[in-house]
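**Q** Residue numbers (numbering that gives the first Met the number 0), protein chains in the order written: chain A, 0 to 330; chain B, 0 to 184; chain C, 0 to 438.
Some hints could be false.
[To be verified] Interface residues of chain C toward chain A, partial, derived using beta-carbon atoms under 8 Å:
1. E196
2. E198
3. Q327
[To be verified] Label-pair restraints from in silico Cβ distances:
4. D373(C) - Q223(A): 57 to 63 Å
5. K35(A) - E174(B): 30 to 36 Å
6. K34(A) - K37(B): 31 to 37 Å
7. R147(A) - G38(B): 51 to 57 Å
8. L222(C) - Q223(A): 34 to 40 Å
9. N128(B) - G250(A): 48 to 54 Å
These are computed hints drawn from the structure, not numbers from a lab. Each residue gets a CB set at the ideal place from its N, CA and C atoms; glycine is no exception.
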Amino acid sequence: MKGHLLSAGDLSRDDAELILTTAEEMRSLADRPIKKLPALRGRTVVNLFFEDSTRTRMSFEAAAKRLSADVINFSAKGSSVSKGESLKDTAMTLEAMGADAVVVRHWASGAAYNLAHAGWSRSTVVNAGDGTHEHPTQALLDAFTMVRHLGPLDGRRVAIVGDVLHSRVARSNALLLQTLGAEVTLVAPPTLLPYGVETWGVETGYDIDAVLPKADVVMMLRVQRERMTDSYFPSTREYSRRYGLDARRMGALQDHTIVMHPGPMVRGMEITADVADSDRSVIVEQVTNGVAVRMAVLYLLLGGSEPALGGAENVQSGTDGTGTTTEETNA
Amino acid sequence: MPPTQESDVQPEGRTVLDARDIDRALTRISHEILERNKGSHDLVLLGIPSRGVHLAQRIAARIAEVEGTGIPVGALDITMYRDDLRLRPARTLSPTDIPAAGIDDKIVVLVDDVLYSGRTIRAALDAMNDIGRPQAVRLAVLVDRGHRDLPIRADFVGKNLPTSTSEKVAVRLSEYDGSDSVTIL
Amino acid sequence: MTTYLIKGASILGGEPTDLLIADGVIKSIGSQASTGLDRRSSPVETIDAAGLIALPGLVDLHTHLREPGREDAETVETGTQAAALGGFTAVHAMANTDPVADTAGVVEQVWRLGREAGYADVFPVGAVTVGLAGERLAELGAMADSAARVRVFSDDGKCVADPVLMRRALEYVKAFDGVIAQHAQEPRLTEDAQMNEGELSGRLGLRGWPAVAEEAIIARDCLLAQHVKSRLHVCHVSTAGSVEIVRWAKARAEAEGGWTVTAEVCPHHLLLTDELAATYDPIYKVNPPLRTATDVEAVRQGLADGVLDIVATDHAPHPHEDKDCEWQAAAFGMLGLETALSIVQATMVDAGLLDWAGVAERMSYAPARIGRLDNHGRPIAEGEPANIVLYDAAATRVIEASAMSSLSRNTPYAGRELPGQVVATFLRGKATVLDGKLA
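Excised from the complex, chain A in its bound form (with noise of 0.2 Å):
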């Protein structure tokens, strides 16, 4: 998927290796007295949102910033039910004001794909969450925090434990941590868990209690409210009671194991604050480096005159590959 990040399952494991060790140099930047880089200037990012998303759209926002980028910001009004601004006659008119890239909410799977290969734009398309597919940027911060705390994850027992079924975190999460080595256990009830699961190559389960022990990573998702009036749970009080992750629960972790949750959390719902809060939780975190990943995707894919995602040959630059040296290859 070359020129673009739609999904995390588009990424090999030295794509994602490369955007974690390019993050890693990104994160460095917030301890700078300049918090600013310049190897976007001149470009400009669009973050095209259709779905409220306030704290993923000031992510991006900052990201693109911080490497000198211009930003537009275009909130499209609309939902499922009233479409509004289509997102074709959006993409072109993007496209008409020179937007070298565009990072798209939209509350449709797969709108993403869409505005990638559509035909009705030549921009760098990545997703900022599409549907309940995928979020890959999220997937990649969450890795990124991660590995931080743990080292690299091979091995590593990551539980994501929530309404799995509407989650594009837990997709995207799913496809990216197998491919850097980790097992992942997807947990919740039968009916937040989607159909076809078992050929995810995760591991599934409904006792919260019996995954706890072994991880390393307990990651809480978000369950709205409204799941309940759909019968998803019968009540949020059983849903807590069952699912949540209270002071009790953490008391069963490992001493190394972090909690992470991808925003923003229904404090009671998944999690208690005093979780939330604890030394182990990782979630504010979580948000500073999500600055730090997306620096790093925009830069792989916008800095040079080709993205450096998707083919291992654009990763070295033939500087430090051939023996000559750098002063050469700038000249």
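Since the structure of chain A is already known, use the hints to place chains B and C on it.
**A** The following block gives chains B and C in isolation, referenced to the frame of chain A:
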């Protein structure tokens, strides 16, 4: 990023500096830095990745031997400041590692392997601008091969090497390439 | 009226022979076709049909002509032109127009438009419920008694989900030998459904349309038809489970007598699978959705066995903007008339599952019987109405969306190479298609 080539393959071409030559050149550069600076106070060495970092560390070690005290040494990646960033696929970043004390009011010696067009050094000066304000910036290079595109010169040179623009200068360092040599290809 | 002498056509794939068509009927077949010719009375056009197969004019029980209401997608004229190019001489126009074909007035309008266009006979399907709302019966009797003589009733696009309403409809149409063609889709199980529920829907994050939502309704309706001794037709069967349920119901109906279940399969369900949804290209969005390879295998076998009586196109034209968008925002449906026979050849005939006589049965005789059409679906025999298709099964063509005769372009086969080409179509002796083009 480790080099992709086999590290123990002998480079082709004409060897102009062997391991001992490089060793002597670095020792001389170390002494010149100390002499110019009248000691090691306020010195910070910043190597430009990849090989410049190893050279900076070697020079720092020699200075430590002479002075009996270590000096801060770091790495300054210039990738995103390159003026040809857009001409090639996006490049892998190398670590930037600024010593804890920073570079404000320090004497920063940039260290690189080859000085050629001067564009890398221009990028390094830009990169440093975003990190702090040194008292002064000096430049140490193992090889100066001429053909400058920019008004930049080195303060400390291991060897001046007249080349034609069609030639390539290959610097190999044991930390990176398995052995030390400078060859003209 | 032109007299046509068709030379060397192979009727249902049999030995080459000649046919003489005059005055709207098949005058003679065989060696006497050319000798009995009276060249003075009317112009005669001779058609070299060597290598071509002659089939009875195809009958589609399931077509969306969109007129009235969505003339930007298709009109009766353009839709029947597409039908003729596909070898059809009769199409049943579904009721989900705007206004809905739920009164004698609307069905007569559609019927009349079909007669005026002249490319294929149009038999309107009447809505089962007023406005397709699923709340109360439309005036089924009035539509049956109208000039359009409606016999097939369907809320297609929507399921008659209310079991009481379905029972009443099945009972009521017995008075005029009608049939209820059910769009079997349990609505609660398919709310906002986007594609087949399976391994892929979970991965793609598209809401699933489970097989059980189709099968549960089919099972219920078969039992209702049995209970009230009526005629049920199951639209667009798409799953292996549905085939089994229909097989079971037919066995019971045959044993008991007095009630019947018939079923149709669409060409796209014979060929395409849900894997295509992975492209998120809404050209593959259809209702019922494309299913798995196992289901495709089952519906092919069901069609071969006769458990599925007919092939019906579910030709569903949509304007470009309704398909050039996000999958979830896109309309359901795909074109079918101009490619149906080729798909059946590719999936059934070339696969050895059906011979050309079988094709005639599934695409002409049986749909005409279900629709109670007198003058369509007749064998190619002397004295019969001259509704005939000449088909070149040896030809191949690469489908181009822009080359479709339909007003819309939403064919899922664009870029595919398909076998076969309709060379000529005759409607009551009048050529609607000659040399593969509208006559």
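**Q** The structure should be examined with respect to each hint, and the outcome stated for every one.
**A** Verification of the hints:
no., hint, in the structure
1, E196, "holds, 5 Å"
2, E198, "holds, 4 Å"
3, Q327, "holds, 4 Å"
4, D373(C) - Q223(A): 57 to 63 Å, "holds, 58 Å"
5, K35(A) - E174(B): 30 to 36 Å, "holds, 32 Å"
6, K34(A) - K37(B): 31 to 37 Å, "holds, 36 Å"
7, R147(A) - G38(B): 51 to 57 Å, "violated, 40 Å"
8, L222(C) - Q223(A): 34 to 40 Å, "holds, 39 Å"
9, N128(B) - G250(A): 48 to 54 Å, "holds, 51 Å"
In the structure shown, a violation is registered for the earlier hint numbered 7 alone.
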